[in-house]
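Student: Chains as they are written, first to last, in the working numbering: chain A, 1 to 230; chain B, 1001 to 1107.
In case anyone wonders, no lab produced these hints; they're calculated from the structure.
Check the hints yourself; a few may be wrong.
[As the list claims (entries may be wrong)] Per the computed footprint, the stretches of chain A lying under chain B, defined by three or more beta-carbons under 8 Å from a beta-carbon of chain B, are:
hint : stretch
1    : 87 to 97
2    : 105 to 111
3    : 150 to 164
[Unchecked claim] Distance windows between CB atoms, simulated:
hint : chain 1 : residue 1 : chain 2 : residue 2 : range
4    : A       : Tyr5      : B       : Glu1060   : 43 to 51 Å
5    : B       : Ser1055   : A       : Asp75     : 24 to 32 Å
6    : A       : Tyr5      : B       : Asn1059   : 40 to 48 Å
7    : A       : Val174    : B       : Glu1038   : 39 to 47 Å
8    : A       : Asp75     : B       : Asn1059   : 27 to 35 Å
9    : A       : Asp139    : B       : Met1001   : 20 to 28 Å
10   : B       : Ser1055   : A       : Asp159    : 30 to 38 Å
11   : A       : Arg166    : B       : Asp1009   : 48 to 56 Å
Ideal Cβ positions, reconstructed from N, Cα and C, are used throughout, including at glycine.
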Amino acid sequence: MASTYVIPTRMELTRLKRKLVTARRGHKLLKDKRDELMRQFLELVRENRRLREEVEAAINAANKNFVLARSSMSDEILNTALMAPKQEIRLEASTRNVMSVDIPVFETQTRTTDPNDIYCYGYAFTSADLDDSVKRLADVLPDLLRLAEVEKGCQLLADEIEETRRRVNALEHVTIPDTEEMIHSISMKLDEAERSSQVRLMKVKDMMLEKEHHYGEKLIERAAEAGANA
Amino acid sequence: MHKIAVMGDRDSIYGFAALGMEPVPVKETAEAVRKLREMVDGQYAVIYMTEELGSQIRNEIDRYREYELPAIILIPGTSGNTGLGMEQVRRSVIQAVGSDIIFGEDK
Chain A
1 MASTYVIPTR MELTRLKRKL VTARRGHKLL KDKRDELMRQ FLELVRENRR LREEVEAAIN
61 AANKNFVLAR SSMSDEILNT ALMAPKQEIR LEASTRNVMS VDIPVFETQT RTTDPNDIYC
121 YGYAFTSADL DDSVKRLADV LPDLLRLAEV EKGCQLLADE IEETRRRVNA LEHVTIPDTE
181 EMIHSISMKL DEAERSSQVR LMKVKDMMLE KEHHYGEKLI ERAAEAGANA
Chain B
1001 MHKIAVMGDR DSIYGFAALG MEPVPVKETA EAVRKLREMV DGQYAVIYMT EELGSQIRNE
1061 IDRYREYELP AIILIPGTSG NTGLGMEQVR RSVIQAVGSD IIFGEDK
């Protein structure tokens, strides 16, 4: 697995062990982050779906009325009717931090507070279907704004979850096993070197003792004696 | 202070204009892309767009998915609901979870 060559020294071993500890801790933290992000995301996406279904149904209804209005009115009248909107929406965008993801929060203010103050035309030349259409849209407006907030939040969270998941996987399946492998191979090499030097020392000791006390010669003599006695 | 815009064919968006949103009527794809780019650079927090127009400039919309603002939200226009708006939500789910677990559950 470990494709990179590492110098098998004790210093390298310490470094790798430290790296492994950090990687394990990072992996655990990122996994927790991913799980929490996922929980938040699922909550948000369920709301997103519900809102979207409602909003789509309402807009479809409003559009039907609008088409009806259009068919019963001339282009000019319709255009002039909607030319100068009375209402104005002011939107203040701030952000809410969810697990280090900045999710937009919208705060809206309408110019006039009266909810019925949406018809920007006199009723003389316009059809009632137009009123109905505008009314339906006005009713769905809070949901529509909430939908924007939630849907954007979902998109941003989804992005972050994907990224976090990749990082968790990279740590889990690449960094941690690779480091473990390298630690294993270094400790093997170090053990081998230690055994090798142990054997060398024993050999040297043997040679020195031999030189000092001539054990070998004595052993042969003793064997010879034993042979003679037998 | 941010603005809200609504893009699409004229019939679909003029109703929203009455609510105080800024209508941006577009007819051609190239024009839509140019206007959308202008708006992304401007002070727009939310851009509502008809699904019909959205389906023509999908790539352009996908580019702004990871932007914090503006939120580009697809809504049905007078020509009906193409399901592209829901598709965008589904895409978020697939991107996050790896498979579609929200929309498959009640089928």
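Student: Next step is simple, just say for each hint if it's right about the structure.
Tutor: Cross-check of the supplied hints:
1. 87 to 97: The restraint on the stretch 87 to 97 of chain A holds, since 8 of its residues have a Cβ under 8 Å from chain B and three suffice.
2. 105 to 111: holds (count 3)
3. 150 to 164: holds (count 10)
4. Tyr5/A with Glu1060/B: 43 to 51 Å: holds, 48 Å
5. Ser1055/B with Asp75/A: 24 to 32 Å: holds, 26 Å
6. Tyr5/A with Asn1059/B: 40 to 48 Å: With Cβ atoms ~45 Å apart, the hint holds.
7. Val174/A with Glu1038/B: 39 to 47 Å: At 44 Å between Cβs, range holds.
8. Asp75/A with Asn1059/B: 27 to 35 Å: holds, 33 Å
9. Asp139/A with Met1001/B: 20 to 28 Å: holds, 25 Å
10. Ser1055/B with Asp159/A: 30 to 38 Å: Check failed, 22 Å falls outside 30 to 38 Å.
11. Arg166/A with Asp1009/B: 48 to 56 Å: violated, 40 Å
When the structure is compared with the earlier hints, violations turn up for hints 10, 11 and for no others.
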